[in-house]
Amino acid sequence: MNMGPDLCIGISSKNEVLELAALERGRSAVTATFPATGIGLEAIKVFLAGSASPVRLAVAGVAALSVALALGNSLQREVFIVSAATADQPLALAQYAMRSS
Amino acid sequence: MNTIANYLSAEDISLGVHVTGKHELFEIVGRHMELAHALPLKSIALGLSRREQIGSTGLGQGVAIPHTRVEHLDRMVVAYLRLKSAIRFDAPDGRPVSDVMVLLAPKRAAEEHLEVLADAAQMFADECFRAHLQECTDPLEVKRLFDAWPMTAAIMAPRKPPEAFLLQRGI
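Quick mapping for you: the protein sequence lines, in order, are chains S and U.
So the first sequence is numbered by the numbering used here: it starts at 1 and just counts up by one.
So the second sequence is numbered by the numbering used here: it starts at 1001 and just counts up by one.
Hints are not guaranteed to be accurate.
Derived contacts from chain U toward chain S, CB cut-off under 8 Å, selection only [what the hints assert, rightly or not]: (1) Gln1061; (2) Ala1120; (3) Ala1131; (4) Glu1135.
Between beta-carbon pairs, the in silico distance windows are [said to hold, decoys possible]: (5) Asn73(S) <-> Arg1130(U): 37 to 43 Å; (6) Asp1147(U) <-> Ser74(S): 33 to 39 Å; (7) Leu65(S) <-> Asp1090(U): 33 to 39 Å; (8) Ser53(S) <-> His1072(U): 36 to 42 Å; (9) Ala84(S) <-> Arg1130(U): 29 to 35 Å; (10) Gly1094(U) <-> Ser74(S): 38 to 44 Å; (11) Ser83(S) <-> Ser1043(U): 31 to 37 Å.
Stretches of chain S that chain U covers, calculated by requiring three or more beta carbons in the stretch to come under 8 Å of a beta carbon on chain U [unchecked claim]: (12) 18-29; (13) 35-42; (14) 47-59.
Hint data in this document are derived by calculation from the structure and do not stem from the laboratory.
Beta carbons are placed, not taken as given, at the ideal position from N, Cα and C, and that holds for glycine.
Build out the structure end to end from the sequences listed, making use of the hints.
This is the structure:
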């Protein structure tokens, strides 16, 4: 049985902001909004790097590929680029990442 | 009110701090946390160093957010230090760091930790905010600036045209 990672992140990439939801097994989801700038991406990387367990991300929206490449370049990290038609809200994306195997 | 305003007090703001590197910076932070919050110096300095070994907490633009989780802490503790001289921090843009925001988080405070990181990123991504922060000369002034966010972004006129503005116009 595939239990999946402990931490799943959904990111909805918009023109000026990156809306993020973090879903941890057994805990309620948390959300935050980062600026869609170098500092915003680095701050998300800093958050992800602080996680001791594997992380799975689902990204949708503006420049989703660039965001995915910037955040997914690490061991213990899987990234899905998701069509906005499938899920476009950060929590739905985090749930998508949680379900995917 | 933003989350940083909730957790940052004027007593945890230090300007003109002289350090020569990350190690010395984390020792100074640890010493402050011991004196001001009765937290264990060694474990704070070690926690910050260990986190930094995983990857730099430099965000670029001279800003870094070193952080660690602390046993038996009941709420987030935030400190802001402006260094007298910028130090190497292995930041993604290669620039040395002079604005340091330290976050100490309770073991299980993912929500607060994420919110504070997001607010810090929003603030420091704003060129106007960074410029006004540099003009502050005492901790109370700094505290007021953090408290006023995000109002500050709307009410403060840019001090100089941003780089992109100049480039667009071929200046």
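Status of the hints after comparison with the structure:
no., hint, result
1, Gln1061, "holds (6 Å)"
2, Ala1120, "holds (7 Å)"
3, Ala1131, "violated (15 Å)"
4, Glu1135, "violated (20 Å)"
5, Asn73(S) <-> Arg1130(U): 37 to 43 Å, "violated (27 Å)"
6, Asp1147(U) <-> Ser74(S): 33 to 39 Å, "holds (36 Å)"
7, Leu65(S) <-> Asp1090(U): 33 to 39 Å, "violated (26 Å)"
8, Ser53(S) <-> His1072(U): 36 to 42 Å, "violated (22 Å)"
9, Ala84(S) <-> Arg1130(U): 29 to 35 Å, "holds (33 Å)"
10, Gly1094(U) <-> Ser74(S): 38 to 44 Å, "violated (20 Å)"
11, Ser83(S) <-> Ser1043(U): 31 to 37 Å, "violated (46 Å)"
12, 18-29, "holds (count 4)"
13, 35-42, "holds (count 6)"
14, 47-59, "holds (count 3)"
Going through the hint list in order, the structure does not satisfy hints 3, 4, 5, 7, 8, 10 and 11.
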